[in-house]
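*Asks:* Read top to bottom, the protein sequences are chains A and B. Counting in this note's numbering, the first sequence runs from 13 upward without gaps. Counting in this note's numbering, the second sequence runs from 15 upward without gaps.
Careful, some of the hints might be misleading.
Stated by the list, open to error - Just a few of them, taken from the derived set where beta-carbon distance is under 7 Å, the chain B residues facing chain A:
| hint | residue |
| --- | --- |
| 1 | G78 |
| 2 | R82 |
| 3 | R90 |
Unchecked claim - Derived Cβ-Cβ restraints for the label pairs, each shown as a range:
| hint | chain 1 | residue 1 | chain 2 | residue 2 | range |
| --- | --- | --- | --- | --- | --- |
| 4 | B | D99 | A | D408 | 20 to 28 Å |
| 5 | B | L46 | A | E491 | 23 to 31 Å |
| 6 | B | V57 | A | G33 | 27 to 35 Å |
| 7 | B | L46 | A | E520 | 31 to 39 Å |
| 8 | A | D122 | B | D73 | 41 to 49 Å |
To be verified - Listed next, the in silico EDC-like pairs over lysine to aspartate or glutamate satisfying Cα-Cα at most 16 Å (straight line):
| hint | chain 1 | residue 1 | chain 2 | residue 2 |
| --- | --- | --- | --- | --- |
| 9 | A | K92 | B | E105 |
| 10 | B | K63 | A | E45 |
| 11 | B | K63 | A | E42 |
In case anyone wonders, no lab produced these hints; they're calculated from the structure. All C-beta atoms, glycine included, are put in the ideal place defined by N, C-alpha and C.
So the chains spell out like this:
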Amino acid sequence: MYRYDEFDETFVRERVAEFRGQVARRLSGELSEEQFKPLRLMNGVYLQLHAYMLRVAIPYGTLSARQMRQLAMIARKYDKGYGHFTTRQNIQYNWPALIDVPDILDDLADVEMHSIQTSGNCIRNVTSDPYAGAAANETDDPRIWAEVIRQWSSQHPEFSFLPRKFKIAVTASDKDRAAIKVHDIGLRLYRNEDGERGFQVFVGGGLGRTPYIGERIREFLPERQLLSYLEAIMRVYNRYGRRDNKFKARIKILVSSDPDDFRRLVEEEWAKSDREKLNGPLDELLRVRRFFEPPKYENIPQTCNSLDAARARNDEFDRWVRNNVSDHRMAGYAIVNVSLKPIGKAPGDISAEAMETVADIAERYSFDEIRATHEQNLCLPHVRKADLFDVWRALDSARLATANIGLASDIIACPGLDYCDLANARSIPVAARIAERFADSDEADGIGELKIKISGCINACGHHHAGHIGILGVDKKGEEFYQITLGGSGGEDASIGEITGRSFSSSEVVDAVERLVTFYKENRTVGERFLDLYRRLGPAPFKETLYGDAAH
Amino acid sequence: MKAITANRLSDGVVVYVDAHGALVERFGDAQLFDADEADEALVRILERKGAIASAYLIDADAAGPTGRGALRETIRKSGPTVRRDLGKQAELTDERV
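The whole structure should be built from the sequences, with the hints applied where relevant.
*Replies:* Structure below.
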């Protein structure tokens, strides 16, 4: 993985020192809250319901064991013994004291981490495929390109004061595990018919109060042109993106108003730009490729007799392998998904002890690599099949072996009104009750892939628009209600969920979800997912299932 | 009736204003104001910029927050409903907290 050079190190340390001074000036009263707020946000510090919240960047979701241990140490020393993995492959602490934040940032800098550009109207942490470097049929390791974009976009003088926040996701696979089409810019690296590598470029995707699937504004961008093309997009956005209305300021509003015109503007900007000026630095930036060399895999056979035998004698292990383990590009290896969704608990939360367990396992069994996923789980990308049983037992000892990846209880949920200052309703208790309803492993396996996503307000941090079943918390005269959307997807078949009708009370919503699932089970064909059935039948029968005769 | 709530600057902890104008952590110690008094008291608290990050009025009676924001303010007063071991609810046993 990428290691800081002396410039990175110096920059991050100086930034911590600068923030330490700003905190001191705020505490002394020299700075008002109005003056201080943008400064703390630039360093990832929010004020939530109970306390401050610190968001820490995990570039493209990649962590080492050393970094994970440091996150555990911070959770224990400065917080309440846990952290929360987010839908942007970051981690948040929910209880830090402002007076401790400079020390936390120094401790993060010790392991080459920081909170810069995790808030504010700038280019945020670049996200990527958690299976990067491990997935079969990948065109390249997308983290190389994510790191190039990270370096280009960090403290970019021209793009540090955009109309609104800006999120970029990169994949190099046909299977989209990075939700690229619901990002401001989504990039898919692939080879064209001539065997050349380049990017498919999507712009203007996003969730929030006005969700859009990104427009494909370029079918093939030669990889060497990446930065000059990104710069052209950012310039057009910076020039024409609205600044008069926060709710109309994301690039999706600009793109959706006239996608062809946006494409033309970008192409014109690109044509007149000095592409070579950025192609040179790209060559320099691509030296980062050496940090992403594959680990030294052993030459081992694809089949593993000890694994097969362990699966045959242990049903729970067999279920975990079936649901949580994915194919690796190398013979004899596997990708292990670590569920942070134990039944009834907050999605994405992990204790300091569990972080250390993951760190130990990663160091021993996965070439010291851990990934955070945008679905609020973790991933150990390079595990020998022969080690899977030992890894499962170690994970199970820390309650990290729930065999529910992609199933009904693998729910994305934002912190909601239990923590968040913006929320209108709670998300986590609804997620917990739905997970409990579908806790029976056989039943959950029988339902198959089902992506339920819950947001506590219209800002959609829980990605409800992209859920097969999406749930949005709303406030009705001080009471929590939940609106259901159906048919969303954040994958390669991305779509925005459609609102079904009137919202459900907190006591009704879990039953409503169960009715939908029952309808699905009764009407599906062999191999048909919930999403497939919805797309085949359309919304009408699902609305009838939810609302009965009132649907008409 | 109204109470004044704030987040303490140094650590973000939820606080209330008591009868002496002091910032206190327990809702049970919070002063309840009539609407007119509440606005004046809030102005005085907002002047203490070095002590608080934010402050505002909430509807409340002696039992706790009331009105449309009751759920949000009850969660602030007690802690996350999904983690009874966290927040003020974990630190104090008085149910009125």
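*Asks:* Taking the hints in turn, state whether each one holds.
*Replies:* Status of the hints after comparison with the structure:
1. G78: violated, 13 Å
2. R82: holds, 4 Å
3. R90: holds, 5 Å
4. B:D99 with A:D408: 20 to 28 Å: holds, 23 Å
5. B:L46 with A:E491: 23 to 31 Å: Given about 24 Å between the Cβ atoms, the range holds.
6. B:V57 with A:G33: 27 to 35 Å: Since V57 of chain B and G33 of chain A have Cβ atoms about 31 Å apart, the given range 27 to 35 Å holds.
7. B:L46 with A:E520: 31 to 39 Å: Distance hint for L46 of chain B, E520 of chain A holds at roughly 35 Å.
8. A:D122 with B:D73: 41 to 49 Å: holds, 46 Å
9. A:K92 with B:E105: holds, 13 Å
10. B:K63 with A:E45: Within the cut-off at roughly 7 Å; holds.
11. B:K63 with A:E42: Judged against 16 Å, a Cα distance of about 10 Å means the pair holds.
The structure does not agree with numbered hint 1 stated previously, though it agrees with all others.
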